Amino acid sequence: NAGVTQTPKFQVLKTGQSMTLQCAQDMNHNSMYWYRQDPGMGLRLIYYSASEGTTDKGEVPNGYNVSRLNKREFSLRLESAAPSQTSVYFCASSPGTGWNTEAFFGQGTRLTVV
Amino acid sequence: QKEVEQDPGPLSVPEGAIVSLNCTYSNSAFQYFMWYRQYSRKGPELLMYTYSSGNKEDGRFTAQVDKSSKYISLFIRDSQPSDSATYLCAPNAGNNRKLIWGLGTSLAVNP
Chain A
4 NAGVTQTPKF QVLKTGQSMT LQCAQDMNHN SMYWYRQDPG MGLRLIYYSA
54 SEGTTDKGEV PNGYNVSRLN KREFSLRLES AAPSQTSVYF CASSPGTGWN
104 TEAFFGQGTR LTVV
Chain B
3 QKEVEQDPGP LSVPEGAIVS LNCTYSNSAF QYFMWYRQYS RKGPELLMYT
53 YSSGNKEDGR FTAQVDKSSK YISLFIRDSQ PSDSATYLCA PNAGNNRKLI
103 WGLGTSLAVN P
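If you read the sequences in order, they're chains A and B. Quick note: the first sequence uses this note's numbering, first residue 4, plus one each step. Quick note: the second sequence uses this note's numbering, first residue 3, plus one each step.
Just chain A, same shape as in the assembly:
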């Protein structure tokens, strides 16, 4: 039982390059999230998807796009990477709406933009 799987685990990009972070969950969860985690800033929500076919902006969406490809997969795209996007990125999923909003996290992608 894999849970939430993120790829890649590490990535170095040059300023201006693009890339897509992949995330897949095998728990049949409705909601999926992308966070970034920076020292002193905590977890900040970039985008989330409450269900297949819907996406909404979080706190820090600028410079990112997302696609909820199907119920299992939620990808995050950086169109033109900037050094300010150097961070650890976490994908998470949760069963759905309501009070049972336990989030299950992937192991993270460490992205460095030089």
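One or more hints might be untrue.
Chain B residues, not near chain A, derived (Cβ > 10 angstroms throughout) [to be verified]:
1) PRO10
2) ASN24
3) LYS44
4) GLU47
5) TYR51
6) SER75
7) ARG79
8) GLY106
Distance condition first, Cα-Cα at most 20 angstroms in a straight line; then the derived SDA-like pairs of lysine to any residue [unchecked claim]:
9) B:LYS44 <-> A:LYS17
10) B:LYS4 <-> B:ILE102
11) A:LYS12 <-> B:LYS44
12) B:LYS44 <-> A:MET44
13) A:LYS17 <-> A:VAL91
14) B:LYS4 <-> B:LYS44
Hints are computed from structural coordinates only; laboratory data are not their basis. Please read all numbers here as calculations on a predicted model, not as lab measurements. Ideal Cβ placement from N, Cα and C applies to all residues, glycine included.
Once you've looked at the hints, dock chain B against the given chain A.
Chain B alone, transformed into the frame defined by chain A:
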């Protein structure tokens, strides 16, 4: 004012100590209070949760909520080196798909 305030530490204690980790929050609508544990270079994982006010115990861990003062605590008894991690509080209103996160408190338990 942030919705959740949490002292980032670091907190360093000797093995066997009782540890108290705390958060304050501002939104009276929060009903569901979660604690996550995050080991170095890993994603957070749910440690325990409580609903509304009161205490909840799970082994060496006790979560406590005081809604009158908007104060959340996590106590760890007989702390172990394996408890060394960052602990994040995450209160929730129950009808919100977007979890609210504290910054996390870094804990080191020294053998």
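Whether PRO10 (chain B) stays farther than 10 angstroms from all C-beta atoms of chain A, as the label says: violated, 7 angstroms
Interface exclusion of LYS44 (chain B) relative to chain A, criterion Cβ beyond 10 angstroms: Given a closest Cβ separation of 6 angstroms, the condition is violated.
GLY106 (chain B) non-interfacial with respect to chain A [C-beta, more than 10 angstroms]: violated, 6 angstroms
Exclusion check [SER75 (chain B) not at the chain A interface, CB over 10 angstroms]: holds, 19 angstroms
Pair hint LYS4 (chain B) and ILE102 (chain B), alpha-carbon separation not exceeding 20 angstroms: Measuring from Cα to Cα gives roughly 10 angstroms; hence the hint holds.
Distance restraint between LYS44 (chain B) and LYS17 (chain A), which requires alpha-carbon spacing of 20 angstroms or less: violated, 25 angstroms
Given pair status - VAL91 (chain A), LYS17 (chain A), alpha carbons within 20 angstroms: holds, 16 angstroms
Closest CB of chain A to the CB of ARG79 (chain B) still more than 10 angstroms away: holds, 24 angstroms
Distance restraint between LYS4 (chain B) and LYS44 (chain B), which requires alpha-carbon spacing of 20 angstroms or less: violated, 25 angstroms
Chain A versus GLU47 (chain B) - minimum CB to CB distance exceeding 10 angstroms, so not interface: violated, 7 angstroms
Straight-line alpha-carbon gap LYS44 (chain B) to MET44 (chain A), limit 20 angstroms: holds, 17 angstroms
Distance rule for TYR51 (chain B), whose beta carbon must clear each one in chain A by more than 10 angstroms: Violated, since 7 angstroms does not exceed 10 angstroms.
This entry does not satisfy hints 1, 3, 4, 5, 8, 9, 14, going by the numbered hints stated previously.
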